[in-house]
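Undergrad: Respectively, the protein sequence lines represent chains R and B.
For what it's worth, the working numbering labels the leading residue of the first sequence as 1, then goes sequentially.
For what it's worth, the working numbering labels the leading residue of the second sequence as 368, then goes sequentially.
Misleading hints may appear alongside valid ones.
[Said to hold, decoys possible] Pairs of lysine-lysine, DSSO-like flavour, derived with a Cα cap of 27 Å:
| # | chain 1 | residue 1 | chain 2 | residue 2 |
| --- | --- | --- | --- | --- |
| 1 | B | 582 | R | 334 |
| 2 | R | 358 | R | 281 |
| 3 | B | 372 | R | 37 |
| 4 | B | 404 | R | 5 |
| 5 | R | 310 | B | 579 |
| 6 | R | 37 | B | 701 |
| 7 | B | 648 | B | 582 |
| 8 | B | 582 | R | 310 |
| 9 | R | 235 | R | 157 |
| 10 | B | 404 | R | 334 |
| 11 | R | 235 | B | 372 |
| 12 | R | 132 | R | 37 |
| 13 | R | 235 | B | 602 |
| 14 | R | 212 | R | 235 |
| 15 | B | 524 | B | 602 |
| 16 | R | 37 | B | 677 |
| 17 | B | 725 | R | 5 |
| 18 | B | 677 | R | 235 |
| 19 | B | 602 | B | 677 |
[Unchecked claim] Selected chain B positions facing chain R (Cβ under 10 Å, derived; list incomplete):
| # | residue |
| --- | --- |
| 20 | 379 |
| 21 | 389 |
| 22 | 428 |
| 23 | 491 |
| 24 | 493 |
| 25 | 494 |
| 26 | 497 |
| 27 | 557 |
| 28 | 566 |
| 29 | 712 |
Worth flagging that the hints you see were computed from the coordinates, not collected in a lab.
Even for Gly, the Cβ is constructed at its ideal location relative to N, Cα and C.
Number of protein chains: 2
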Amino acid sequence: MNIPKQNLRIPGPTPCPEEIMELMSRPMINHRGPEFKELLFSVTERLKQVFQTGNDLYILTASGTGALEASLVNTLSPGDEVIAAVTGSFGSRYADMAEAVGASVTRLDFEWGTDVDLETLRQALQVQPDVKAVLVTHNETSTGVVNDLEAIAAMVKGEFDKLLLVDAISSLGCVPLPVDRWCCDVVATASQKGFLTPPGLSFISFGPEAWKARKSATATSFYFDLEAAQSYLEKGQTPFTPNLSLFYALDRSLDVLLGEGLEETYTRHAYFADMTRRGVKALGLELLPRDHCASNTITAVRVPESIDAKALVNTLHLEHNVVVAGGLGQLEGKIIRIGHLGAVAESDIIDCLEALGKTLQAMGFRA
Amino acid sequence: MNIPKQNLRIPGPTPCPEEIMELMSRPMINHRGPEFKELLFSVTERLKQVFQTGNDLYILTASGTGALEASLVNTLSPGDEVIAAVTGSFGSRYADMAEAVGASVTRLDFEWGTDVDLETLRQALQVQPDVKAVLVTHNETSTGVVNDLEAIAAMVKGEFDKLLLVDAISSLGCVPLPVDRWCCDVVATASQKGFLTPPGLSFISFGPEAWKARKSATATSFYFDLEAAQSYLEKGQTPFTPNLSLFYALDRSLDVLLGEGLEETYTRHAYFADMTRRGVKALGLELLPRDHCASNTITAVRVPESIDAKALVNTLHLEHNVVVAGGLGQLEGKIIRIGHLGAVAESDIIDCLEALGKTLQAMGFRA
């Protein structure tokens, strides 16, 4: 299949710089040899810099959901009480995953488009003193909402001393998430979001409190066992054959990211998010999220009632080569989502906004 | 890191043809869009041709071990009786994995270097009428032994009607494995062995008897749930973000494999295996496996007692740019393993044998 290059404005996979993509074609090496050992150590150390953590960190050959599964099976046992803060489709899925490992999950459901209400979370923690872990989605990709993880972590760790498991798939590397400063015990993310690389690897940081939980956890997975990951890492290996091509790409992308500087990367994401939000509003459209919690990696836009959302997405794709995402779950047909994370150029956003404006006009929308 | 191209003679990852590797650099697309749908359907259908199966088949973003985990969590429940035929390190690992999901595993341990003894397996099945599944490693990568899967399957299915789960990671696409003709219920393999592509994807076929077992199975994994894989496949999607780059490569590699023809591919593997075995014997070395079960994808060679196996592997690498694998587990320091699967050129084998001869001579070995 020969698919022409698109203005890919979904929330990942993101377009990746050519200098990084070229490395995907490099020849295979022995994944149990000295060259891979050096590569694994080097990439792991630099990932820790992006995570801003001294915690253990593992690279898994799996999508981000694999790292989320690792966060659960390495800390929980069937019957454990868990609170899941759900602000959208991905938060709900994280809760489903905890249920799949047998945890007794209390779901705190917040209206889709709003962020976690701290007082509601505090009350839930007060009511359930035996809760073992709290699950939080840092950036809810389905609603374009970023949760105030710093405040949530301060409460979960500072006031209640519970294990904090964070889905940071569409946030890490794009918006501030200093893992150690905020005391996040387990943080999971993936290669195809903020990391300028294709999908296929996920990353998980695992702190001392998580290791304590690991000792008594009876949920199991052979593939996502972080004790095995640790014992192989000590030898400079992964337990199972790793995705070498993505390691080559990541080796370069981490240089690019750290070369730019984390603060600069966050500023760049804030800039493109602001540009997208202003542009969308200028077209007469409304954002789904409240302003205070609008995400810097993805913008969720309400589709006017007179417009068929599916037709809008298809027309943008077929007539303008602009690929945006539709709504998930209860938001299907009600929103479109514009990704602006990873390697974004100003022209990508302008092109997307122009195409959106023209298409809406052609579909009869008047602001 | 800039690692020069090696004569990579390990049993996977294998060197991949340049025309396939080039596709790894292609731009990202929407994994929930029409282009990926077409790609997924097309690749899945052609994989079924290589598996020679009409069974359901799923592509997982994970190493081969992930597909093995899927084979177990989708068919077994804690307490289920399982027989594992163990002929080496990978057979032992498959048994470990079944134990990790809570199965009660009877291990039939065969001497490393020999294949599964059919009579021993028959007796075990007679003694344990309540066995739910039999685990078999088709090609045992750690010992260079290929098991007679056709005969094993005829017994397990024909005489005892038990579920047959097959680790075909280093065999499928290289040696005959007609999944439906041999009635193999579940067969798992990976992208970096016979498929001319890098590691990062695994493939699993799942037949009607396996689906029956799925209904009562209570072992769980969210990431490796094949019911979710099925419901997304019906939409032309995968449940989680797939490794797009490897799909691009696989799209081409399947054309190459099916263009060559399966029989021709098997013949080619037999030819290079024969060449390797003869060459090794001509150097005065002995094979680990008996002749009747020597693998066509990897040759395990006994290291003479006077020779330090680790030094031999290192010298081949550092002085001759030839990368072979050492022994695993109880065979560490006792054998080396030469891979000859995937895209092998005659010159690769000759170069490897020449380097081996020279290195052994320099180390003082006289046949």
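Undergrad: Tell me if the interface restraint on residue 566 (chain B) is satisfied: Cβ within less than 10 Å of some Cβ in chain R.
TA: holds, 4 Å
Undergrad: Take a quick look at whether residue 37 (chain R) and residue 677 (chain B) sit within 27 Å of each other, Cα to Cα.
TA: Answer holds: residue 37 (chain R) to residue 677 (chain B) is near 17 Å, not above 27 Å.
Undergrad: With chain R as the partner, please determine if residue 497 (chain B) meets the hint condition of a C-beta pair closer than 10 Å.
TA: Interface hint status for residue 497 (chain B): violated (23 Å vs cutoff 10 Å).
Undergrad: CA of residue 132 (chain R) to CA of residue 37 (chain R), is that 27 Å or under?
TA: The hint is violated at about 36 Å.
Undergrad: Does the alpha-carbon distance linking residue 358 (chain R) and residue 281 (chain R) stay inside the 27 Å limit?
TA: holds, 15 Å
Undergrad: So, as I understand it, the hint says residue 379 (chain B) touches chain R; can you test that by seeing if any CB pair is closer than 10 Å?
TA: Holds. Min distance 7 Å.
Undergrad: Holds or violated: are the alpha carbons of residue 602 (chain B) and residue 677 (chain B) at most 27 Å from each other?
TA: violated, 50 Å
Undergrad: Would you settle whether the hint for residue 557 (chain B) is holds or violated, based on the nearest Cβ-Cβ distance to chain R being less than 10 Å?
TA: It holds, given that the least Cβ distance between residue 557 (chain B) and chain R is near 7 Å, below 10 Å.
Undergrad: Would the pair residue 648 (chain B) and residue 582 (chain B) pass a check requiring their Cα atoms to be no farther apart than 27 Å?
TA: Violated: residue 648 (chain B) and residue 582 (chain B) sit about 51 Å apart, past 27 Å.
Undergrad: For the pair supplied as a hint, residue 310 (chain R) and residue 579 (chain B), confirm whether the alpha-carbon distance does not exceed 27 Å.
TA: Distance of about 37 Å is beyond 27 Å: violated.
Undergrad: Does residue 389 (chain B) pass the interface hint, meaning its C-beta sits closer than 10 Å to a C-beta of chain R?
TA: holds, 6 Å
Undergrad: Need the status of pair residue 582 (chain B), residue 310 (chain R): alpha-carbon distance at most 27 Å?
TA: violated, 35 Å
Of the hints listed earlier, those the structure fails to meet are numbers 1, 5, 7, 8, 9, 12, 13, 15, 17, 19, 23, 24, 25, 26 and 29, in rising order.
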